[in-house]
Every structure is written in C-alpha cells, then in structure tokens.
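S.K.: Chain by chain, the residues:
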Amino acid sequence: MAKISTFDDWTDYFRQWQRDIGLDTSKFEHYKFDVKFGRVRSDVIECGDYAGRPKWETVLQIPDQRIRDALLHLITFQGDTEFASVEQQRNLLNTAPSEYDIQSALKIMREEMRHGTQMSYLLVKYFGSSGKLEAQKLLERRAFNNSRLLGAFNQDVQDWLDFYFYAELVDRDGKYQLTMLSHSGFKPLAASMTPMLEEEFYHLLTGHTGLARVIRTGKIPIGLLQKHLNKWFSVALDLFGVDNSSSAYWFYVWGLKGRYDEGSTDEPADRDRLNELSRDHYLKEVSGLVEALNKLIPEGQPKLQLPDLKFHRSIGEYADKRYSIRGELLAPEQYASHLEEVLPNAGDKARLADIFKQNDWVLAV
Amino acid sequence: MVASYVLVCQNADCKSRGAGELLEKLAGRLKDSGDVEVKPYMCFGACQAGPNLVLYPQKVWYCGVKPNDVDEIAAHAAGGPGVERLTHGVDASLKELIYQLLDAGLF
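If you read the sequences in order, they're chains L and H.
All residue numbers for the first sequence refer to this note's numbering, where the first residue is -19 and numbers rise by one.
All residue numbers for the second sequence refer to this note's numbering, where the first residue is 5 and numbers rise by one.
In short, the hints are calculated from the structure, not lab data.
Each hint should be verified, as a subset may be incorrect.
Stated by the list, open to error - Distance condition first, Cα-Cα at most 35 Å in a straight line; then the derived DSBU-like pairs of lysine-lysine:
#1 H:K99 with L:K87
#2 L:K87 with H:K63
#3 L:K16 with H:K70
#4 H:K35 with L:K87
#5 L:K87 with L:K275
#6 L:K275 with H:K43
Said to hold, decoys possible - Computed Cβ-Cβ distance ranges for the label pairs, DEER-style:
#7 H:A96 with L:S267: 27 to 37 Å
#8 H:A96 with L:D49: 38 to 48 Å
#9 H:A79 with L:D300: 54 to 64 Å
#10 H:G32 with L:D44: 24 to 34 Å
#11 H:G32 with L:S110: 54 to 64 Å
#12 L:R306 with H:A79: 46 to 56 Å
#13 L:H10 with H:D107: 26 to 36 Å
#14 L:D44 with H:E88: 47 to 57 Å
#15 L:P278 with H:D107: 14 to 24 Å
#16 H:Y103 with L:D241: 23 to 33 Å
#17 L:P278 with H:G38: 18 to 28 Å
#18 H:F111 with L:N339: 15 to 25 Å
#19 L:D300 with H:G38: 56 to 66 Å
#20 H:A31 with L:G327: 45 to 55 Å
Glycine residues also receive a C-beta, built at the ideal position from the N, C-alpha and C atoms.
Start from the sequences and build out the full structure, keeping to the hints where you can.
M.R.: Following this line, the structure appears as structure tokens:
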C-alpha cells in the first residue's frame, strides 16, 4: 500500500529521503526541484509498429496493457538511477579538491534529484496506485544497501577519481538512455527528456574535464587511472543491457524507446540487436574521448586503453566469466590475481588517499 | 607565434552534425594565418546546441555552426567582426565554466 496519494506527499517523502541518506539539505534549500517539459522531436510515434500515429498523451490512450506495463518499467528504472547516483555521491562534498569541484558536484546532485523528481511526477500523475507505489519505492531502495535496480548504481563511488570516471562513463550511458527515451511514443516522457539531457551534458563534461585535469598535473600514475577505467567501463557497458534483448525489442516495437540516432539514420532498425547498436555508438564515443585524454599524457608514459568488452561483465553472455582485460579466458586462480592487478584494490585506494592530501593532484580551475 | 585559437568540438554529437568538416574547412581557411591555430576540442558540454566552437582568448562561443558560416568565422578569427547570430543558445554559466577551464590551460 502506497504511503503517498498526491505529488505533494511524494515531495515530503523526497525531503525525508534527503535527510535519511545524510545529505546536508541546506545545500539545496534554494534550488527548486521543478518538473520541466521541453519540445518533442515529433508529435507522432517515431518507431515500431505504431509509427505515424499520434503520440500518447495519457496512459489510457495506450492500446495495450503490456505497453503500459513496459512504460511503467522504463520510467521506474530511469528514476531509480537518478536517486541512486546521489546516494553514491553523497560523501564527496567533504573531500572536494576545490570550491569549483564542490559547486560542480552540488549542481550534478541537484540535477540528478530533479531528474528523479521528474520521473516520480510521471509515475504519480499518470499511473494511478501502481505508479504511486513505484514512486515511493524509488526513495526506499538504497545504493549503499545494494538494492538499486541496476548493478552500476550499487557500486561505491569512493573518491573523486571514481567520481570523474563515473561521470565520464556511467553518466554517458545516461545520455544514451535519455536520448532513446526522447523518441518515446509517450509524449510526457519524451517531453521530459529535453531539459534532462541539457542538464546531463554538464555532468559528462565534469567527468571528462576532471580526468583531463588529473592527467595534466601528472600526480596520479597512469596505471592507477587505467585501473579505474577498467572498473567503470565494464560497469557502464552492463547498463546497455543484454545482447539480443527481447525487452529492447518490445520497447522499440511498441514505440516506447527509439534508437539513439532514430530519425537521423536511413538504416532500418535491427530489432534484435538494439542494445548492441547503442553500445556500439557508446563505444565509438568513449574510444574518441580516451584518445583525447591520451593526447594529454606526456611521451614515454603508458596510454589509457579500454578493456575488452568481455572483461568483468555482470550481465549478458560474458557475465561472471573469467575474461582478462585483453579478452583472454583465464583459469579461476589466474583470474583472481588478474582482478587484483587490473582493478583498484585496497592498496591503490590507500595510495590515492595519500595523493589526495596534496592539493595539486588535479589542475586548479 | 600562436595568438589565438579556434577550438572545434569533435565529440560524437557535434561530429554527427558536421563538426569534422567544419574543423577541416576552418583549418584550410586559416592555414596561412600564422597566429591563429585551429584545434579539435574534446567536448564543450553543450551537445544539444552543436556543432560548437570557441574562439579563445576572445571567449566567443559559436553554436549550431554550418559549413556556410565558416568564412565569417574565419574572418572573425583573423580580426574581423563577430558573427552575432551564432552566439545564442548556450547557457551563460556553462560558457563561463568552459572559459575557466580554458584559462586554466585545459586545451
């Protein structure tokens, strides 16, 4: 039974959630967590079997209960990531390297909470009692209790290096998800995406420029950066879902979620490989960003490299298999020591903590 | 000696809207202008408004740039007048942030 019956009730519960996870609410008291709607790309459904029909403006207009259920699922998952990311980042403010970074992190946390508010508004306004219950549960799962819906959002963001990689790689997955939802046949969802995307771009920028600032000072060894890249890249890949996904198939067929480049490509959709297609776009973008970061690394030092797509995956064909960062299948004992070598371990984090004590580990802005 | 830069975003969204061609064309137009360097930039964080480019140290941000804007932008980079119609559409606080990063030497 939902504790909330109106959006005002939900807002009160949201304020309680902020306190429960230990946020200093005075940092957010002047920010308005507004619900914002922007333009939609098209007034007609852009993909799938309903393409060309008017976009649905209410849930009752949706012709099939399975489509309504899938839509509820999509909005719930998106909302879950927004609140989870704030939980993951909640302890960063006390260790920020500069006032600039404090302000950046606050802006990102405010906007992630606004995005969660936006998704909760859709749930409460359009989905009746089941939507209200889901909106409530968005504030009851916890990243630090491992109860968020997607694995990446239960990972610890322990320090600012984690944060920069998280913003660069995990938030960048968010850009793809939001863009695909901006093609949604459910108009309130599609119209929610434009303001969310504009805010999300800043988050990605913070990640990329944060890493560039770290590399420019040269205080953190490239090997340590590589280990963090290994960790967060594999986590981010999982966010694109499994290969040959039947969920992605139906989201597309029902017009709920388009392709990243829907409307700007003449290629017919390969409906059985939609997640793979999104991941390919992401991989291309991230490869270019890593290449740009490598240009900042002085000659004679190792360059950053993306690990193999099979490495350290938690879902899909390669889940829980023992692939190395080069894509070789390892024996169990080899794999355990390999993970110790290529992922950040306790010793690495202790070493980083010492580096963070110097105030010039990241380029000042 | 390089006195100013034309920084052209080359991240995925800007590139998909023709930023690669812009970079090439601007470099071609300004190749004999010894004190202006045309450089790729990783991302300005305004993907929705791209293609984006920034003239630095003038701190002029052009967005939604098309190939037929290149001559005017090149003229501005070489000391001519600005192209006012291309300066709208990006939040002022984001511009300020990027200028801070450029002032810090991040390019």
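S.K.: State for each hint whether it applies.
M.R.: Consistency of the hints with the structure:
For the given pair, K99 of chain H sits about 15 Å from K87 of chain L by alpha-carbon distance, which is consistent with the 35 Å threshold. For the suggested pair K87 of chain L and K63 of chain H, the alpha carbons sit about 23 Å apart, so the restraint of at most 35 Å is met. Restraint check for K16 of chain L and K70 of chain H: the C-alpha separation of about 30 Å stays at or below 35 Å, so the hint holds. The suggested pairing of K35 of chain H with K87 of chain L is violated, with an alpha-carbon distance near 40 Å, which exceeds 35 Å.
Under the criterion of a C-alpha separation no larger than 35 Å, the hint pairing K87 of chain L with K275 of chain L is consistent with the structure, at around 29 Å. For a cut-off of 35 Å, the pair hint linking K275 of chain L to K43 of chain H stands: about 13 Å separates their Cα positions. Under the hint 27 to 37 Å, the C-beta atoms of A96 of chain H and S267 of chain L, about 32 Å apart, fit the expected range. In this structure the supplied range 38 to 48 Å holds for A96 of chain H paired with D49 of chain L, their Cβ-Cβ distance being about 43 Å.
The hint said 54 to 64 Å for the Cβ distance between A79 of chain H and D300 of chain L, and at roughly 59 Å that hint holds. Restraint check, G32 of chain H to D44 of chain L: a C-beta distance of roughly 55 Å breaks the suggested window 24 to 34 Å. Separation of G32 of chain H from S110 of chain L is about 59 Å and conforms to the stated range, judged on CB atoms against 54 to 64 Å. A hinted range of 46 to 56 Å for the beta carbons of R306 of chain L and A79 of chain H is consistent with their spacing of about 50 Å.
Between H10 of chain L and D107 of chain H the beta carbon distance is about 28 Å. The supplied range of 26 to 36 Å therefore holds. The hinted range of 47 to 57 Å is satisfied by D44 of chain L and E88 of chain H, whose Cβ atoms lie roughly 51 Å apart. With their beta carbons about 22 Å apart, P278 of chain L and D107 of chain H fall inside the hinted range of 14 to 24 Å. Against the hinted window of 23 to 33 Å, the Cβ-Cβ separation of Y103 of chain H and D241 of chain L comes to about 31 Å, which satisfies the hint.
The hinted range of 18 to 28 Å is satisfied by P278 of chain L and G38 of chain H, whose Cβ atoms lie roughly 26 Å apart. Our hint of 15 to 25 Å for F111 of chain H and N339 of chain L holds, since their Cβ atoms are close to 23 Å apart. Between D300 of chain L and G38 of chain H the beta carbons are some 58 Å apart, a value that agrees with the proposed interval 56 to 66 Å. Taking 45 to 55 Å as the suggested C-beta distance range, the pair A31 of chain H and G327 of chain L conforms, at roughly 46 Å.
Violation of the numbered hints given earlier is confined to hints 4 and 10; the remaining hints are satisfied by the structure.
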